[in-house]
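A.B. asks: Here is how the chains run, residue by residue.
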Amino acid sequence: MTDEVESLDPIVRWIVTEARRPVQADAAARARLIEAIKAEPVPSRGLRLVTWLSEPRRFVLPPLATAALAAGLVGVGVLGGLAINRGGRPAAVQLPAVAAGQPQLPDSLAPRAVKFVLIAPQATNVSLVGDFNGWDTGAAPMKAADGTWTVFVSLQPGLHTYSFVVDGSHFVSDPTAPISPDDGFGHRSSVVLVRKPSL
Amino acid sequence: MRAIALLSIATSISFAQDTRDPAADPLGRLDPSTRHAVEMLMDSAHSVGLPYGPLESKALEGIAKRANGRDILVAVRRVFRALRDARTALGPSATTDELTAGAGALRVGIAASELSLLATTRNGKPLTVPLVVLADLVTRGVPRDTASLTISQLWQHGAADDDFLALWRSVERDIVSGTDPGVALLNRAREIPAKGPSTTVPPPATVRPEDAKS
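Quick note, the sequences are listed as chains A and B, same order.
Per the working numbering: the first sequence = residues -11 to 187.
Per the working numbering: the second sequence = residues -3 to 210.
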């Protein structure tokens, strides 16, 4: 090692010699440094957390890990949505109209779509409400032609209770269909049975 | 950046599924206490194997008809009890439609024993239509005993759904024309051909309004 230094350029040899020379530190410097550190106020835990959270960071993810993370997040979103929907009630599936029948207990097994008719020449608007549309007065507005109001609604097989709403507030049972017992609210509703299609 | 974009998409999907369908919370228009009570009844129905759909539908019907919360709860409770009694009368194999129709028959005053009699002689045939017709006839003014006995006899002698529907149409037409409801039923029932042993429904010549109202 010494021989190597001796063979160096004088300037470089001087630098190496200076670098190897022990530093003569002030004996009181360490004590002063410790005192200075102790004099600094200790930041609170909350401040340290805020500082840690607010410090900018740089994450580097390989494409594969990015895709896996994204897929996981999408999965969480979908599962969350499913969990929310499971808590609700199943909504009736609205099928497209395939045939028309009378608003009465149908004789045929095939039709799933039912035509509802109400003759009300004096009415300005009529809608159909029932258990198949949550009794929503805006779900099935009827169209008028010469005082005859009609609407087609696709119904699930089964027994359904329904009523007509005339001019937004008058509930009228269907004069051409069986009626259900008192609804508990001072009106009578009608009943339609949609039978399951034969297989 | 891509991760942030995908996170936004996933969050949007989640929120969209939560808010896309107002029907997801159909009872949201009820006041909190009524809603809680209705949902408790629905849960009770579900826990004992009864359909809760008719209970929810009744609550929504009440909302649409602008009934107050108390009346809605009373109506829903009445449906719950009727469904429970109908299941007892018709047996555990009764379908949802049969329970709903049976509940309607009970609500117009048909005895549970009459429903049980129909159920024991069903031979696999659905009871929905006879029960709907039975409830309708009583609602239109046919005496309960007359309606119950007539429907029961037709049922036991093999009448089909179409027979009951034809009977209902004829009786309804006669009642609108001014015929006494009980007489109309007895007269029209005689027109239905028996598909089993001969029916015991009295012939129309022997039926008087006061008899039909007994």
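Fair warning: there could be bad hints in the mix.
Quick list of in silico lysine to any residue cross-link-like pairs, SDA-like style, CA-CA up to 20 Å [as the list claims (entries may be wrong)]: (1) B:Lys121 / A:Lys103; (2) A:Lys103 / B:Gly49; (3) A:Lys184 / B:Gly49; (4) A:Lys184 / B:Asp157; (5) B:Lys121 / A:Gly146; (6) A:Lys184 / B:Met36; (7) A:Lys184 / B:Asp170; (8) A:Lys184 / B:Asn64; (9) A:Lys103 / B:Arg165; (10) A:Lys184 / B:Pro22.
To be clear, the hints were calculated from the coordinates, so they are not data collected in a lab.
Please read all numbers here as calculations on a predicted model, not as lab measurements.
A.B. asks: Hint by hint, note whether the structure agrees.
C.D. replies: Consistency of the hints with the structure:
no.	hint	result
1	B:Lys121 / A:Lys103	violated, 27 Å
2	A:Lys103 / B:Gly49	violated, 23 Å
3	A:Lys184 / B:Gly49	holds, 18 Å
4	A:Lys184 / B:Asp157	holds, 14 Å
5	B:Lys121 / A:Gly146	holds, 15 Å
6	A:Lys184 / B:Met36	violated, 31 Å
7	A:Lys184 / B:Asp170	violated, 31 Å
8	A:Lys184 / B:Asn64	violated, 36 Å
9	A:Lys103 / B:Arg165	holds, 18 Å
10	A:Lys184 / B:Pro22	violated, 27 Å
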